[in-house]
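Protein chains in written order, with the UniProt record's numbering: chain A, 1 to 536; chain B, 1 to 523.
What the hints contain is simulated information worked out from the structure, not anything from laboratory work.
Note that beta-carbon positions come from the ideal geometry of N, C-alpha and C, so glycine has one too.
Treat the hints with caution; some may be incorrect.
Unchecked claim - Selected chain B positions facing chain A (in silico; Cβ < 10 Å):
#, residue
1, T49
2, A103
3, L110
4, D111
5, W133
6, P253
7, E255
8, A257
9, A261
10, H500
What the hints assert, rightly or not - Covered by chain A, per the in silico footprint, the following chain B stretches (three or more residues, Cβ under 8 Å):
#, stretch
11, 76 to 85
12, 134 to 147
13, 507 to 516
The lines below spell out each chain.
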Amino acid sequence: MVRRVIERWSRDQVLALAPDASSQKAAAGVSSPAKWSSAGVAREALWGECKGSGAKPYRACVDLQEPAYRCSCPSRKFPCKHALGLLLLWSADGVPGAEEPADWVEEWLDQRRERAAKQTAKLAEKVAAIVAEEAAGGSDASPGSGADDRRARQREERVDAGLADLERWLGDQIAHGIANARQSALADWDELSKRLVDAQAPGVAGLMTGLSRVFRHEDWPARLLSEYALAHLLAVAHRRSAELPRELRDTVRSRVGFTMPKENVLARPPVRDHWQVIGTRDEERDRLLSRRVWLHGRATGRTALILSFAPLGQPLDSSLVLGTTVDADVCFYPGSAPLRALVAARHSAADPSPMPPRGVRAASVPRLIADILTCDPWTDSWPVILSDVVLAKADTGWHLADYAHGDSAGYDGAGRNGTGQAGRDHADLDHDRADHASPGHAGHDRDCASPGHADRDRDHADLSGHDRAGRDNADHERAGSGDEEGNALPILPSVGDPWRLAAVSGGQPVTVAAEWTPDGLRLLSTWDEQGQVVVL
Amino acid sequence: MNGHTIGGAGWEQLVSAALMGSDRGAGASAAGVLEQAAVAVVGQRAGQTPVKAQPVAAAPAEVLPLAPSKAADRLARMLAGEHPRLIEEWLGLAVEHGVRVPARLIPQLLDLGARDRSIRGHLGVLAGARGRWLAELNPAWSYVLQESSGASLLGQRALAQTASGQASSGQGALSQGDSGQGASDQGVLGRRDLGEGTTDPGVHDHRLHGILDHGVWEFGSSGDRREFLERLRAVSPGDARELLAVGWEKEPPAERAAFLATFADGLSMADEPFLEAALDDRRREVRRAAADLLTRLPGSRLGRRMAERAARSLIRAGDTLTVDLPDQCDSAMERDGIRSELPAGRSGGRKSWWLQQLVAHTPLDFWTRHFGLPPEEITRLKIADFGREILMGWTRAAILQHDAAWARALFDQEPLTDLLAVLPAEEQSERAAELVRAKSVNGQLIMMLGGVAGPWSGPLAAAVLERVVEVAASQPWNAGELAKLAAERLDPAMHDQLGHLPENLHVLPSTLRFRFDLTKEFS
């Protein structure tokens, strides 16, 4: 029998699954071999019995393929410390291999498979219905029962009224002046955001609750005006949405707070690729946990954001493990700059092979962002992967700069004897440039509905990766052509010094995954000499 | 490229219109201001351009190999909160094995070292070139630059890389393992040769020539220089002293005391003149270090002066000692290392304090000769007054002078763990075991055992295990504390030989197993 061996995850990868810091600590506490009995790993399952405070040990098991977790402990955290502890033990090579999973594990796996099959069938049914209907030329508003229709209409009216209210309110603020905002605005925003929640426009309501951040900065009046202006733009765009192209209208609706049902998203054309998890970040706001997982398609070069939510203490989706790659179909939510997506189907188990993704040059990022903003002016975060960047400093703080390949000063190659990644990526990009150095790739002359990847990729999914790499490189050439031009992007100052990146890179060029924000890059991950992903 | 420093007078006008209220100006309407502002903001975000920034200089190449990945993973776990008290053991083992820590863990370790001085010496080696490079970038970690990088542990090739880049020539004495061979006390270099500078080409001894060429002594960090001197001292005490003497006056005062500490190895009368001169140093730490060393040389001038004072202060009549307290602490006494002022927190008279120091700094040989008795009889003599001070003085002297006979005799009087450290390892274990068997398990015993360095094995390990099981039920708290200490000190190879232990002692097998695995992962 050929036994497939699942490659072990790193400790960082396991800890990234923990719902919070205290869980990480608790998990470490139950990760010693002494705590576990009859632990084993077979096929894609990992299991063990952990001695708890009671007489009966807790039975924990993990389906490594998904991954999914189960434990007999009463903890409401998910995954619980036992599942995580078991994973940690496994990651330290502390779990012996077995021929077959234990019976109770097998039972659970069967249940899961059964349930998954049922769910898939149900969803597929819904998806098929939607696809059929769209093929028949159905309209945007999905016809449902009369009650559904009425509710939908009612919501539209409420949102219309809420945003009209917002537009008026913003106008009033500017008419009267925002000089006293520090004194009075907090209460106003709170009130306004409640009204917007009542108006069923949670997206805009969220914008209002986040406004207090502007006061952390000296130049808060300018920042506040910016935020007000963008909110106003959204309200106006919503009012005039009938005049907008469809993709932009979708973007406005999602920013306002309309969510598209899962099945509708899954009915959209999938993009199949080897998707690598390049970063994850959890946030808690108003007792709601959100997890962002960014994916990067190896062939398409596209990035996708998988967003999941859970009330505090409830499980967050932890099926995507940092650094792993999975062959999967991904469906994007509609919009003028599509990013948010769902994993529709997996064609392989998560592959943890260490390898940095292929990214772009730092100098090409502003152009990429300009393209995105042209399509979705409200974008304030966009994932980017930078290849061959070095840590740099300017008066304003830390930066990531393109590594100058011709310049051998200070670079003896000694630090990178591991992968030779820098050279390889560069060669790849050169190759792409040769194939695609056609003119007309400048970003701005494209029409807004297809920001360089969305619609076109649906038809030419296999080509777009090359296409983008070529464009990025052309941009790089433009940006790097004069000595006066810079090649560095600032790192978001508010998150502190990037010491871990400094330590891992040692000033040598590395691959970095980051979130572009208007104030600078928020670092997500990098890859070390061995190609292992490191959380930043 | 701050996202909100939007250029142009237009933006400034928009902001001030928004601040003051568009109603008050003659300009655009509120909606107009908002619309223009939106265009400006998006335009600015879309129009950001790459800036110029200076790449940080690349870190130098590493010399040490990386710690095995399993060992590194374990360190990561400990840094994340698992058995944090064992981090020091891990670091010590890593230094022993000559490996460095993976780069991603360096920031956490350097943060730890910023709070905990005890691990800084290890970090100087383990953080490697990357750690030093980071310390240049972050002032909070600059302490690591003062630590030895362990360069001289690595043999000659490594030395050459760490030093000023000069090509090495000749055979390095340090990597040859020929310590002892050159340990004659005759400096191979006359002062004449060294007078011109330490890299004088006239240096003729090929071993020393090789060492000096590496530049560690001239250009290394203070930690590197200290270690260099230690190594040289081990090979050739005379050369080490001569080398130090050349630049002695110019050495920073803080360094001088640390350099003197290297004299403990291979101390002989040949060092006496140098040390006697150091008693006049401007810095108190240097004077005290010199005085402490000289008490170990009974023939030294300081030793003789102390003996004279001691003879005046302690008079034997039969089996009783009477004390004649010193009247004053004159400048000669102070020069010999006796502090006139009471240390903070010490009560009692100043004269008895002088007496205690006087006894502590008198060569122990003097007493046996003076009284014509072996240590175990001297320590049993009746002392009319100030017995406490005398015993404390002898104890300090036994520790300072590493005198096992005296330590044994004094330990019988009062079992202080500091005295155990002077005894050979096996005897330490036996004596501590006797105590563990004889005394009740309480805070005092645990504290005493805390002073006995690990790894515990043999009789001590057996005694501790026996007692801890014995009191597990009756004194759960003390048993728990003792188990915790034992878990950190017992030889980890014992992890599977503990037999059946009560529930509340599970810390023992699990911690020992953890330490066992920790040790194993390095080999």
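Failing hints, ascending?
6, 7, 8, 9, 10
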